Structures are given as structure tokens and as C-alpha cells.
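Chemist: Use the sequences and the hints to build the structure in full.
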Amino acid sequence: MKAFKDAGHLFRLASVFLVGGVLFLAFRGVLVPRSFGQYGHYRGNAIKETAALPISYAGHQVCESCHADLLEVKSKGVHKRVACEACHGPLATHADDPASVQPAKLDTAVLCVRCHEANLAKPKNFPQVVSAEHSGGAPCETCHQPHSPAIVAVAGGSQ
Amino acid sequence: MQIPVEGFMYPNEVELQWSVLIVLYPFLTGLVAGAFILASLERVFMVKAVKPTYRLALLTALAFLIVAPLPLQLHLGHPERSFEMYLTPHRSSAMAMFGFVYLWYLLAVLVVEIWLDYRRDIVVMSQCTTGWKRLVYRVLTLGSTNISERSLHIDERVGWLVTVIGIPSAFLLHGYVGFIFGSVKANPWWSSPLMPVVFLFSAMVSGIAIVMLLYMLMCRLRREPIDMDCVDTVAKYLFYTFIIDFSLEMLDLIHRIYEADESFRSLDFMVHTRLFLSQVVIQILLGTVLPILLIGLTQVVKLAAKQRKRIYVVAGCLTMIGIFAMRWNVVIGGQLFSKSFLGYTTYKMAFATREGLLTAIVLTVLPFVILGVLVKLLPPWPEKKSAISSVAVAAYGAD
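Protein chains in written order, with our numbering: chain A, 316 to 474; chain B, 77 to 475.
Simulated from the structure, these hints should not be mistaken for laboratory data.
Just so you know, these numbers come straight off a predicted model, no measurement behind them.
Errors might be hidden in some of the hints.
The list that follows gives simulated cross-link-like pairs (lysine-lysine, BS3-like), each with its CA atoms no further than 27 Å apart [unchecked claim]:
no.	chain 1	residue 1	chain 2	residue 2
1	B	K312	B	K124
2	A	K437	B	K261
3	B	K261	B	K312
4	A	K437	B	K415
5	B	K424	B	K127
6	A	K391	A	K363
7	B	K127	B	K261
8	A	K437	B	K378
9	A	K439	B	K415
10	B	K127	B	K452
11	B	K415	B	K261
12	A	K437	A	K395
Modeler: What follows is the structure, encoded as C-alpha cells:
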């Protein structure tokens, strides 16, 4: 018993660790969401919550059902596989109510260079320019038609 | 801010992701591990000459260990999220598991060892101090004022066991930091099985050097004579450890040169250009070869105590600079070259930003401030201990 008495402080220290451990487990029980680990190392409910979020993108088929004229122009150019909302942004609200929600006008001087600004890491055959030298900051649509950007020479001028 | 790039870099390589704070993180943990291993010399390996540095080494390790995760917290942002690492640990993440190594080392090793070693002093000071200090000491006693000879003997035995467990824990703590770099197989500058071992020995070098410098500095501040037998012994261990560390680093270098894999030309060019000053001049020549020669001189030539002290101070400071340069060259150097091996980027350090120079300076000074508080609260000086002894005898009798 004397040995236990003289080691009493060690039991006190062990109790501090024990209380700390119990508190940690209690906090863990409260803080870790119930659905954590249901499917993997994440919160299982996150899937349902994400699925319940409002849809932002309408999808190109919805755009094309109204804008058939632009689809015709686009389908003949190099941007035929670029989805409408890749440039115009998410427009599900516009598709739901075209009269009251109007998409913002895009600034092509900013938009086009996101893909077409020259960069050594891009494949050589990808169209790219040093915008400052190429257009001097002028909007790209001054010369290019964004839905079908190739400049085709036609009789009497260029398109 | 335009970053100067030479040759070809992939776009995601131009800007460095790991900043000076990630340089600081292995530097600080290294000091912790090194200081603890120096403390274990006295406790486990019975090198009695280093006893005056024992408590100081433990407090230094604790002060630096408290600050060690802060560079990571600042680098990652959202410090509150780091707690998730403990709540929902991902066993395949080396960094997540490091959280547990850190916690184990902090709570199960360092705090327990310091508490056991200081318990007698804490109990006595809880009786002979007043105000908030008394309250702090009373909390630290955990309500037990038993400082009988037998209970102190039990503390001694348990403390010894904690130190024995602490040695592999200290190895694990810093070996782990090296492991995190050494296991990045996509980066040839880091990917080496020698990395944990090199980190470990460099940690021991830096930890021993800082405790030696702090001991000499504190003796000077307290106007107490420096125990030259102690400092000579510490310097001797610094010398041996440094030689092993340098040999390992050279072994790694020779292996890389002989192997000469596809990355070699690119890395060799980098060492001869962008890293020449920080690696060849500061790390190898000034931070390793010169201190080894200086301490080596004290081992072979009989010098006066005053000269030895000067040499130890110069060699210790150079060692600290050299080890910091080693961390810098590993962390920053590993991000300066392109994976294409055809280009190099530049590290531009900001000043007063979250990961800037000012933050790094604050984080470097902070452990010394914490150490100052710890030293005030738990004086590591033997003479203080004897003064306390007389109070203890008066207060509790021989018991």
C-alpha cells in the first residue's frame, strides 16, 4: 500500500490523461457527423446535400432548343464541341425564365484569352496568341465571330 | 508579380507552393528532436558531464515543439481544420499520421518527462510562492504534494523509462519529417531513402548546437561561470554527430553523382547556379566543413578555455546557419527545377504576408520567448535546485 501511496501522483497524472482521452472521445462523438465513413472517408450525407443543390447549368441541349440559329453557326466552326455555358457561364435560371433573366454581355477581350493566351505548355497546334501583340487589348469579336472564329476571306472583304 | 523563369517550366511549377514556412517546420522539429537526444545522453546513457544542460535541453525541446506546427497551420490556412486530423484521421496520409506522432511526443514523452523531473521543485514552489505563480504551481502539482524520498525515486525510475521510450519517439518525430520529403517519388531532389536518416542526424546536430549556445548564453546572462567540462562534452558529441551527418550527406551526394539518373544534369546545373550560394557556400562550406574543422581543432589541440568558448560559439552559430540552409535547399531547391528538367524558376519571398519573411522571423523568435517563460517558471539551474532543496527540507523535513 505504501508503494501505491508514494506513486499516487502518477495515478493523478494518469487520471488527467484519462479525463483528456474521455473528453476527446466525447467531443469526437459530438463533432464527427453520423454519416461519416458511410461510403468512404467522407460524410455520406454530403452526396444527398450536393444532389439537393439547385441546378446552375441548363446544358447545351436546352440552349440549342431556342438558339437554333447560333447552333447552326457554331456547328460549322472549331468551337462546335465547346458547350454554350463554358463561355456564357451557368444559365439554368435564364433557361427557366428567358424573359426576365438575361445573360450578361461577355467581354471577349477577357474571355477568349483564358484559353487562347500563348503558353509554352500548350500543344503547338492549339490556336494561341500573345494578346497584347495580337490585338493590343481590342475585343476579339472586332475580327472574330466567337461562335465560329475562323476568319474566312470572302469576295469583297472578310467575314 | 512576375516570377523570373529560365527555360521551360510547366505552368503549375512557376510559383513555389512550399514557402519559407515549410523550411522553418523541419528546422524547428529538428531542434526539438536534437535537444531531446542531448537530454537523453545524461538520463539514459549516463553521460554525467552534460547534466547542466539536461533540463535546459528538455525546456528547449518543449518550447520549439509548441511552435513547430504553427508554420504548417499558417501555410495551410484554416487552422481550425487541423483538428479534423485527430477526429477523422486518414491512415494513408503521412501528414495526418504525423499529427499523432507529434501529439504522442508532446504529451506522452516531453511533458511527462519534464513534469516528473520538476515535480519536486513544483511542489516546493507551490508552497513558497504567492499570487498567480502559486496558483500555476498548485495546478501543476495535480494536488499531490508527496515529495518523499521514495516517491522521488519512483519519479526517477519512471522518468528513465519515459526517456527510453522518448529516444525512438524523437527519432520517429524527425525521421518522419525526412520521410515526408523522401517519399515524394515525383521529385528526384527529395526522393531518397536516405532522407529520413540525413534529416535525423542533421536534427541531432542542430539540437545539440542550440542547447550548447543557449547554455553558454544563459550562463553569461546570469553571470555564472560556464561549466567547461560540460560544454567540452557537448561539443565532442556535436563533433561526432556532425561527422556522421556530413558522411551521410556526402554518401547521398556521391550516390546521386554515380547513379546519374535522368534528373542528374538538371539538378547538377541547379546546384552550380541557383543553389550555389545557399548549398555549396553556406550549407557545405560555411555551415558544415568550417564548424567541423573548428570543433575538430578543439579535439586535437589543447586550447585555453576562453579560446574554446569562442570557437564553440562561432561553430555553433555556423552550424545553425548551415542546418537552416540545408532545410532551405531541400524545401526550396526541390521546387526550383521543372519536372521537364529543362527549366528553373525563382523563389520570391514576400515580407509582411501570411507566409512572408516577417512571419518566419516571428515564428523563429517565438520559441525563445516561450523558452524564456518556461525558464522563469521552471528554472533549469542546479544551484536554484539546491536553494529549493533547503526550502524543501525546511518545509517537509527529511521525509
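Chemist: Which numbered hints does this structure break?
Modeler: The structure conflicts with hints 3, 5, 6, 7, 8, although it agrees with all the remaining ones.
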